[in-house]
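In order, the protein sequences belong to chains A and B. Positions 0 to 534 (numbering that gives the first Met the number 0) are the ones given, in order, by the first sequence. Positions 0 to 376 (numbering that gives the first Met the number 0) are the ones given, in order, by the second sequence.
Treat the hints with care, since some could be wrong.
What the hints assert, rightly or not - Partial chain A-side listing against chain B, Cβ under 8 Å, derived:
(1) Gly-195
(2) Val-382
(3) His-387
(4) Val-401
(5) Leu-452
Since the hints were derived computationally from the structure, they do not count as laboratory data. Quick reminder that beta carbons are idealized off the backbone N, C-alpha and C, glycines included.
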Amino acid sequence: MTQEATHDELGEYQGEHHDHGPAKGLTRWITTTNHKDIGTLYLWLAFIMLLFGGAMAMVIRAELFQPGLQFVEPDFFNQMTTMHGLIMVFGAIMPAFVGLANWLIPMMIGAPDMALPRMNNWSFWLLPFAFTILASTLFMEGGAPAFGWTFYAPLSTTFAPDSTDFFIVAIHLMGISSVMGSINIIATILNMRAPGMTMMKMPLFVWTWLITAYLLIAVMPVLAGAVTMMLTDRHFGTSFFDAAGGGDPVMFQHIFWFFGHPEVYIMILPAFGIVSAILPTFARKRLFGYSSMVYATASIAILSFMVWAHHMFTVGMPIAGELYFMYATILISIPTGVKIFNWVSTMWRGSMTFETPMLWAIGFIVMFTIGGLSGLMLGVAPVDTQYHDTYFVVAHFHYVLVTGALYSIIAAFYYWVPKWTGHMYNETHGKIHFWWSTIAVNVLFFPQHFLGLAGMPRRIPDYSLQFAEFNMISSMGGFAFGLAQIFFLYIVVKTIKGGKKASGQVWEGATGLEFEQLSSPPPYHSFTKAPDIKD
Amino acid sequence: MNLSKFIRRGAIALAGLASMLMVSSLHAEYAFNMTKGVTPISRQIYDLHMIVFWICAVVGIAVFAVMAWSIIYHRKSRGAVAASFHESTTVEVIWTVAPLIVLIAIAIPATITLIDLEDAKTNADINLQVTGIQWKWKYSYLDEDISFISSLAQSSRDVIKDPTGKENYLLEVDQPVVLPINKKIRFLFNSSDVIHAWWVPELAVKQDVIPGYINDSWAIIEKTGTYRGQCAELCGKDHGFMPIVVEAVTQPEYEQWIAGKKAEAVAVAAAAELQWSMQDLLAQGETVYRTNCLACHGATGAGIPGIFPAMTNSTVATGGVAEHMNVVMNGRSGTAMAAYKAQLSDVDLAAVITFERNSLGNSVGDMVQPSAIKNAR
Chain A
0 MTQEATHDEL
10 GEYQGEHHDH
20 GPAKGLTRWI
30 TTTNHKDIGT
40 LYLWLAFIML
50 LFGGAMAMVI
60 RAELFQPGLQ
70 FVEPDFFNQM
80 TTMHGLIMVF
90 GAIMPAFVGL
100 ANWLIPMMIG
110 APDMALPRMN
120 NWSFWLLPFA
130 FTILASTLFM
140 EGGAPAFGWT
150 FYAPLSTTFA
160 PDSTDFFIVA
170 IHLMGISSVM
180 GSINIIATIL
190 NMRAPGMTMM
200 KMPLFVWTWL
210 ITAYLLIAVM
220 PVLAGAVTMM
230 LTDRHFGTSF
240 FDAAGGGDPV
250 MFQHIFWFFG
260 HPEVYIMILP
270 AFGIVSAILP
280 TFARKRLFGY
290 SSMVYATASI
300 AILSFMVWAH
310 HMFTVGMPIA
320 GELYFMYATI
330 LISIPTGVKI
340 FNWVSTMWRG
350 SMTFETPMLW
360 AIGFIVMFTI
370 GGLSGLMLGV
380 APVDTQYHDT
390 YFVVAHFHYV
400 LVTGALYSII
410 AAFYYWVPKW
420 TGHMYNETHG
430 KIHFWWSTIA
440 VNVLFFPQHF
450 LGLAGMPRRI
460 PDYSLQFAEF
470 NMISSMGGFA
480 FGLAQIFFLY
490 IVVKTIKGGK
500 KASGQVWEGA
510 TGLEFEQLSS
520 PPPYHSFTKA
530 PDIKD
Chain B
0 MNLSKFIRRG
10 AIALAGLASM
20 LMVSSLHAEY
30 AFNMTKGVTP
40 ISRQIYDLHM
50 IVFWICAVVG
60 IAVFAVMAWS
70 IIYHRKSRGA
80 VAASFHESTT
90 VEVIWTVAPL
100 IVLIAIAIPA
110 TITLIDLEDA
120 KTNADINLQV
130 TGIQWKWKYS
140 YLDEDISFIS
150 SLAQSSRDVI
160 KDPTGKENYL
170 LEVDQPVVLP
180 INKKIRFLFN
190 SSDVIHAWWV
200 PELAVKQDVI
210 PGYINDSWAI
220 IEKTGTYRGQ
230 CAELCGKDHG
240 FMPIVVEAVT
250 QPEYEQWIAG
260 KKAEAVAVAA
270 AAELQWSMQD
280 LLAQGETVYR
290 TNCLACHGAT
300 GAGIPGIFPA
310 MTNSTVATGG
320 VAEHMNVVMN
330 GRSGTAMAAY
340 KAQLSDVDLA
350 AVITFERNSL
360 GNSVGDMVQP
370 SAIKNAR
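So here's chain B without its partners, still in its complex pose (with noise of 0.2 Å):
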C-alpha cells in the first residue's frame, strides 16, 4: 500500500506550508510522523493515530473549505448581500447528531486498542522491574537477581556544550537493557523519589513512575534492534538527560548476556572483600560521583546554593566518616538525598565517600573499605 508514502508528502507539503518553503528542500532530514514501532501494540496504536488523523484532517479540511468559499464569494466587495437566516433546528441536530456517529467510530477500536495495551498481568515470559531515580534508571530482572543501573553515557555528557554530528546524542547509555524478542515482556515502574516516566517510542511503552506505586506494562518486541527513548515526566533538573536504551537479542544472545552479567556480579562481590588501596577507590569513586553525584553537587563539589549543598569543606564530607557513610547509604528524608545503599555496590560506597572526603577540596586522608561498608548494611 502507498498509504504511508501519501501521507509522508502530504505532511511534507503541510510542513512546507507552516515553514514558508524552508521544508521542502531538506525534508530527508525530517521525521513527521509517529513511529509504527516494533511491537503488535505499537502497530496498533499507530493505525490508531491515522485514523483519528485522517477523521480530523477530512472534518478540518471540509470546515475550512466553507469557510474560504464564503470568504471568497460573500463578501461585500464582491457585491453579495446578507441572508437573513439565523437558526435552524434540523441543522442544528444534523451536526450534533454527524459528530456522534464519527465519535462512536473513533471509540471502538480505541477500546479495543486501550484493552489490549491494558494486558500486562497475563502470561508475562520475563519480569523487569524499572525504577526512576533523579536522574537515572535502575532495571532489575526479577526472575534472574540481576539489577543494575543505567545513565546518560559519558560521551553525550562530554559534548553537551556543542553536540554538533555526535550520534545519539542525549539517547545513549552506559549500560542498556537487554531484552530477548518474541518474548512477552512485563515491566514493573517504581519511583524512588519524584515521579518520571519510562517512554521507549518504538516500543509503545509510557507509563508514569511514581514513588508509592507499582505501574505496569508490557511489549513482545518483535525485531532486534536497539530502541531508545527518554523519561517524559518532568522530574527535576536533569529530566532531560535520562535517557532509555533497549537493547533487543535473540533468545541465545539474551541467555549469554544473562551469563555474562551474573558472572560479573561474582567479580563485584569479591573485589568487595579485598582491602583497596587509596589510589584504586580514588580513581573508582570518581566514576562513580560523576554518573551519581555530580548532578546535585557539582563537578567540582560546589552544589547548587539553595537547592544542592556544595560537597567542598561541607560537615559530613569533612566529619566523621560514620556520619558520612550514613548520608550517603541511607540518605536524607525529606531532601533529594537518595539512600545509596540501594543503588550502589560496596567498592562503589567505599569508592566515592572516599573520593569525596578526599577530593573535591576536601583532604581529610582516611578512606573506606568495601568491608566497612559490608559491616555497615
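Isolated chain A, as found in the complex (with noise of 0.2 Å):
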C-alpha cells in the first residue's frame, strides 16, 4: 500500500493539512511537532555535545599524557572532568536516545506521530537553553562546577564556587525535559500502537524505551529534589547536608544514587533494544528468547532501585547495609547475562554479514560484557575497598556507556540513517570508522583497568611516575578516538547530503514496520492510516 492511498483516504478527515509539507527555514526547526524533525534535533544537540564533552576529554587525556602540571590548574581540571560528565551524560547519550525514540517508535508501532507532538517541542527547545545555561559558567568568575559529576555535598554546596547556582537550574531543565519526553514516549506507547501490535509483539526497541521512559519518570524528580536542597542549603539558610546544621552529607549519597543508579540504566537499556533490532537483521534469524529479554530488561530496572548504594561501600554503611548492596548487585548480573546469552544464541547458526552497524552491535556486545564483568567485580563490597574510586571504576563505567550506550546509539546511526534519509552512508567509510575507533577506544580505556588496579585514584591532575607509561597509551588512545568521531562527523554529513539510493527495506534481512511498509526517506507523517500487522 502506498502512502498516496493513505492520504486520499483521510483527506477528508485532514483538510487543508492534505500534502502539508514542513515549513521553510529555521521556523520549520523552531515550531515544528513532526516526531521525525524533533528527532533529528535531539540527535545533532547529541552531536554537538558529544564533541563538546569530547573536547573537554582531550584538555583532560592532555594533561594526564605525563607527570606534572603541564597545561591547565588543578581547578580548572576539575572542572573539566565535572562538566565532561555532565555534558556526556545529560548532553549526549541522553538526548541521543530520546532522538531515536522519536523518530523510530511511532513509526514502529505504526503511529503516525508521537502523542503529545507540542509538548514534543517544548522538551527539546528546553534542552539548549539548559546546556547553554550550564556551559556558561566555563565563563564565570570562580568558574564553572568542579565538583566531579557527582556534586557531592559539602564540596558542592559550602565550598561550591557561585556558578554552582547556573548548574542547579541546568539540571532541573534538564529534568523537565527529561518527565516531559518520557510522558510523551509512555503515552504514545500505550495508545498509539496499530491495532494488532500488542504489547509482545512491540519491537524490544519500544519496549526497552517504555521501562526506560518509567525509570525516567521515577528518578528525575529525586534529582531535582537534591539540587534543590543543594539550593536551599547555599542560600536559604537550611542544613540538609551540612553536619554543622545538623545535615548529613551521606543523606546526599543515597539520594544521588537512588537517582543515579536507575539514570545508569536509563542510559544502557534503550542500547540493548538497539542491539536486539540489529542482530537479527544481519544474523538473518529471529531474536532468540523475545520474552525472556523483556522480562530480563523490566528485572534490570526493577533491581536499579535497590542497588544505589554499591556506589557508597566507602562511606561507612553499617555492614547489614553492606551486605544488603552487595547481594543485590551482582544478582543484577543474571537477568545481564541472560541478555547476552540471548544475542550469542541470536547469532548462533544465522547467516551473518557485517555490514558497519552489524560491527557496532557486535562491538557493543563483546566490550559491553567486559564493563558488566568488571562492574561484577566492583559489586563485590570487600574487594571494592580497593577498586572504589580508582581508575578501574573510570575504566569500568566508560567500557559501559562508551563502548556500549555510544556504540549503541552510533549502531543505531548507520543501520536507520538509510531509512530517515533514503540513502546509504559509505560502507568503505563505516568500516573504516569503526575499526577505527574500537582499536583507539580499547587503547584508552583497557590500560586504565591496570592504572586503577596499581593505585591511581580517579578525578587526580596529576600523579605518581609508576603510572606515566600507561597514561601515555591511554592518551593516545584518547586522542585517536576523539578524531575517529570527527570522521564520524564528516560520515553524517555526507550521507544526510547524498548517497546510493536506499530501498525501503534497506537491509536484505530487515523486518518491523519501518522497513516492511515505508519508504526510505519514509513520509512526513509516518503512519496516517494504520498498518497492517503481520502475525
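Please assemble the complex out of the two chains, which come individually in their own frames, going by the hints.
Set out below in C-alpha cells:
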C-alpha cells in the first residue's frame, strides 16, 4: 500500500493538512511538532554535545599525558572532569536516545506521530537553553562547577563556586525536559499502537524505551529534589547536607545514587533495544528469547532501584547494609547475562553478514560484556575497598557508557540512517570508522584497569611516576578516538547530503514496520492510516 | 605456586593486545594488578579479587569463544543458512540458574571477608584519629596525646612542572605517620571540611572521611616498610596533592619515635613562651603559609578570583590585628576557610599572621607574639 492512497482516504478528515510538508527555513525547526524533525534536533544536539564533552576529555587526557602539571591548573582540571561527565550523560547519551525514540517509536508501532507533539517541541527546546546555561559557567568568575558530576555535598554546597546556582537551574531544565519526553513516550506507546500491535509484538527498542521512560519519571524528580536542597542549603539557611547544622552529607549520596543508579540503566536499556533490532537483521534469524528479553529488561529496571548504595561501600555503612547492597548488586548480573546469552544465541547458526551496523552491534556486545564483568567485580563489597574511586571504576563505566551506550547509538545511526534519509552511507567509511574507533577506544580505556588496580585514584590532575606509561598509552588512544568521531561527523554530513539510494527495506534481513511498510525516506507523517500487522 | 607469575604473564599479554605491542618491550615498568599488601585483610581481599577476576575471565572467554565460532562459521559468505530456532525455555532456565550458583560461590567468601573487614571495634592496641583537612591530613594518637599535620613534601611541590625522575613524586609528605608492626591499629576518621577518603592500598584501608561522622577501619601491619597512599575522594582543587605515607616500624622504634614526638611538643610549648623577633616570625611564617595557606590564597597572595580571596591588600590582613587573628583562628563559617586554632601551634599561628601582614605585598609593620595567640585561645 502506498502513502498516496492513505492520504486520499484520510483527506476528508485532514482538510488543509492534506499534502502539507514542513515549514521552510529556521521556522521549521523552532515550531516543528513533527517527531522526525524533533528526533533530528535531538540527535544533532547530542552530536554537538558529544564533541563539546569530547573536547573536554581531550583536555583531561592532554594534562594526564605525562606526570607534572603542563597545561591546566588543578581547579580547571576539576571543572573539565565535572563538565565532561555532566555533558556526556545529560547532553550526549540521553538526548541521543530520546532522538532515536522520536524517530523510531511512531514508525515501529504504526503511529503517525508522537502522542503529544507540542510538548515534544518544548521538551527539546528546553535543552539548548539548559546546556547554554551550564556551559556559560565556564566563563564565570570562580569557574564552572568543579565537584565532579556526582556533586557530593558539602563540596557542592558550602565549598562550591558561585556558578553552582546556574548548574542547579540547568539540571532542573534537563529534568523537566526528560520527564516531559518520558510522558510523551509512554503516552505514545500505550495509546498509539496500530490495531494488532499487542505489547508482546512490540519491537524490543519500543519495550526498552517504555521501561526507560518509567525509570526517568521515577528518578528525575529525585534529582530535582537533590539540587533544590543544595540550593536552599546554599542560600536559604537550611542544613540538609551540612553536618554543622544537623544535616547529613551522606544523605546527599543516598539521594543522588537513588537517582544515579537507575540513571545508569536509563543510559543502557535503549541500547539493549537497538542491539536486539540489529543482530537479527544481519544474522537473518529471529531474535532468540524475545519474551525473556522483555522480562530481563523489566528485572534490570526493578533491581536498579534497589542497589544504589553499591556506589557508597566506603562511606561507612553498617555491615548489614553493605551485605544487602552487595547481594542485590551482583544479582543484576543474572538478567544482564540472560541478555548477552540471548544475543549470542541469536547469532548462533545464523547467516551473518557484517555491514557497519552489525560491526558496531557486535562491538557493543563484546565490550559491554567486559564492562559488565568488571561491574560484577566492583559489586563485591570488600574488594571494592580497593577498586572504589580508582581508574578501575573509570575504565568500567567508560566500557559500559562509551563502548556500550555510545556504540549502540552509532550502530543505530548506521542501521536507520538509510531509512531516515533514503541515502546509504559509504560502507568503506563506516567500516574504517568502526575499526579505528574500536582499536582506539581499547587503547584508551583498557590500560585504565591496570592504573586503577595499581592504585591511581580518579579525578586527579597529576600522578606519581609509576602511572606514567599507561597514562601516556591511554591518552594516545583518547586522541585517536576523538579524531575518529570527527571522521564520523564527516560521514554523517555526507550521508545526509547524498549517497546511493536506499530501498524501502534497506537491509536484506530487516523486519519491522519501518522497513516493511514505509519508503526510504518515510513520509513526513509516518502512518496516517494504521498499517496491517502481520503475525 | 607459579600462579602469580602466570597471572602476570597473562595480564601482560592482554595489555599487549590492548595497547598494540607497545607494552611488551617495556613490561618491567608496568604494574598490572592489585597489591597483595601487608595486612591479613589486604591478602584476603587480593585473593577474593583474583577469584572473581578468574570467574569473570572464564565467563568472558567462553562467551567470546562462542561468538567467535559463530562469526567465523555462521556467515553468509561461507554459505551458512539461518536456522529457525528462536526460543527455548530450557536453556533460558539453565543460563539463569547457572550464574546464580556462581554468584553464591562468590558471595560466600565475600561475606566472610567483609565481616573481617568491618571488625574494627574489638581489641585495638592503638587508636589513631585521622582528620581530613583540605588538602592535608591530621594524625592524632589518642593514647599518647600526640598530634601533627602531614602534607605534601616540598620536594614534590618544587618539581610540579617537570617531575622527571623524581622518586615518589606526589607520594611523599613532610611528616609521615609512624605505626608499629603486628599491633591492631584502629583508625578513626573524621573531616573538618569536605569529604575525603584515606586510602593506603597496601593496608587495604580505604574509608571515606566525612564531616559530622566518625568512621573507623583497622589494620595489622605485618612487615616494616613505607606504605604510600592518596586521598581517594574528590575534595576540591588539590585533591591530587594530599598523599599519605605510613612508616611501619618495630615496637622499640615506635616507642622511640613517640618519645621524640613528645619532646618536640615540649620544645614547641617552650618556644611559645618566648618573645619572637620579626625576622624569626617572618621566616617561620613563610613555611607555615606555604603548607597551609598557599593552596587557596596563592604563592603571591593573589588568591583565585571568585573562589578564594586575595591576601594582598585584603581588609583582614591589613586591618586590625584582632580581627585577623579571629579569622585565622576561628575560620569563616560557610566558606572553605578553616579554623586554624585546631591545626596550628601558637608559634605557627603568630608567625603566619605576622607573615601575612608584612609580606605578600602587605606592610602593616606590626607583629603577633605567640603569647597573644595563647591568650586568645
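Outcome of the hint check:
no.: 1; hint: Gly-195; result: 20 Å, violated
no.: 2; hint: Val-382; result: 5 Å, holds
no.: 3; hint: His-387; result: 6 Å, holds
no.: 4; hint: Val-401; result: 15 Å, violated
no.: 5; hint: Leu-452; result: 5 Å, holds
Taken one by one, the earlier hints fail for this structure at numbers 1, 4, listed in ascending order.
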